[in-house]
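In the order they appear, the protein sequences are chains A and B.
Numbered per the working numbering, the first sequence spans residues 1 to 99.
Numbered per the working numbering, the second sequence spans residues 1 to 226.
Be aware that one or more of the hints could be misleading.
[Unchecked claim] Take a look, some chain A residues computed to stay more than 12 Å from chain B by CB distance: (1) 17; (2) 21; (3) 62; (4) 63; (5) 67.
[As the list claims (entries may be wrong)] Quick list of the computed label-pair ranges, beta carbon to beta carbon: (6) 86/A / 163/B: 31 to 41 Å; (7) 61/B / 15/A: 41 to 51 Å; (8) 36/B / 11/A: 21 to 31 Å; (9) 21/B / 94/A: 43 to 53 Å; (10) 169/B / 46/A: 14 to 24 Å; (11) 23/A / 29/B: 19 to 29 Å; (12) 170/B / 86/A: 38 to 48 Å; (13) 171/B / 46/A: 42 to 52 Å; (14) 185/B / 61/A: 13 to 23 Å; (15) 171/B / 61/A: 27 to 37 Å; (16) 203/B / 66/A: 40 to 50 Å; (17) 63/A / 103/B: 40 to 50 Å; (18) 61/B / 20/A: 19 to 29 Å.
No lab work stands behind these hints: they were computed from the structure.
Quick reminder that beta carbons are idealized off the backbone N, C-alpha and C, glycines included.
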Amino acid sequence: MKNPLVVTGLVVSLVLAGGVSYYASSDPDGLEKVAGDVGFLDSAKESAVEDGPLAGYGVAGVDNERISGGLAGVIGVASTAAVSFGLFYALRRFKKDKL
Amino acid sequence: MHIPDGFIDIPTSTAFAAVAAVGVAASLKGAARSLDEKTAPLAGLTATFIFAVQMLNFPVAAGTSGHLLGGALAAILVGPYVATLSLTVVLLLQALLFADGGLTALGLSVFNMSLLGVWAGYGAFLLARKVLPKNKVSITAGAFFAGLVSVPVAALGFVLQYAIGANATFSLTTVFTAMFGTHVLIGIGEGIITGLSVSAVMASRPDLVFGYRGTKKNLEIREVQK
Chain A
1 MKNPLVVTGL
11 VVSLVLAGGV
21 SYYASSDPDG
31 LEKVAGDVGF
41 LDSAKESAVE
51 DGPLAGYGVA
61 GVDNERISGG
71 LAGVIGVAST
81 AAVSFGLFYA
91 LRRFKKDKL
Chain B
1 MHIPDGFIDI
11 PTSTAFAAVA
21 AVGVAASLKG
31 AARSLDEKTA
41 PLAGLTATFI
51 FAVQMLNFPV
61 AAGTSGHLLG
71 GALAAILVGP
81 YVATLSLTVV
91 LLLQALLFAD
101 GGLTALGLSV
111 FNMSLLGVWA
121 GYGAFLLARK
131 VLPKNKVSIT
141 AGAFFAGLVS
151 VPVAALGFVL
161 QYAIGANATF
171 SLTTVFTAMF
181 GTHVLIGIGE
191 GIITGLSVSA
201 VMASRPDLVF
211 GYRGTKKNLE
221 IREVQK
């Protein structure tokens, strides 16, 4: 992977998810706001993984909000990179095998 | 726009999950045809970047925020099939690891964001590319337009799901008006981020941009035919 674009992009992703995300708006997003305004927000049920170690973009047991959220962001970026690069390289290989 | 469990009933969620699965399966096939040595890393980067930027909620109106969905961005950078897979990977990890969006509602969200958002964005981009002059600025302008269109279309997906299987009984017109209005505003932010991101890639590696490569290839073919 000698592509400088990919390396730069991954570093930018880490900085955004690990650091900049602390400054993101914590207001409800569009759907959540609409659900609250219209009145169906309370029909929402807890996710089955609501008590997971990373639920809500924080690391369970880490009290410092900046570190907890930043760490969750870094773990998310690493997981997404692992799964997506794995998937796309596998698909590329699949194509090669078929030809 | 990650739908929590409980908003939409289980039969409707299951039906949309089935449709989403068919769309993802078709995308696996399409992606296998289009991915090569050069585009596979960009595809991985696109998914990763979208995960990161989805964490950055920006304020849109009093007490409301929005964040990038990324469907249009991914479709322009890596093509609609790979884009659907990228968004699906992001949504899957968000639901499983971060409890962002419900698990039974995952098919609903994949339908709205990985299919509707991607294809509406891609369609809008192709339209813009056809109408605008053939240059790099048009690619950025088209990316803005694609981002802008993709968000309200994805929001209409939720309105459709609400109409079919909401557990609540509030009027559909109210839900439609509120969802559409709010998401047009969020769409402006989506358009700006999509335009900036596409122009950043265009500045360094235009040869990798799916939505730009298409135009160049046609020109090459014409030259050969002469």
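Worksheet item: Okay, which hints does this one fail, numbers in order?
Response: Hints 1, 2, 7, 9, 11, 13, 14, 15, 16, 17 not satisfied by this model.
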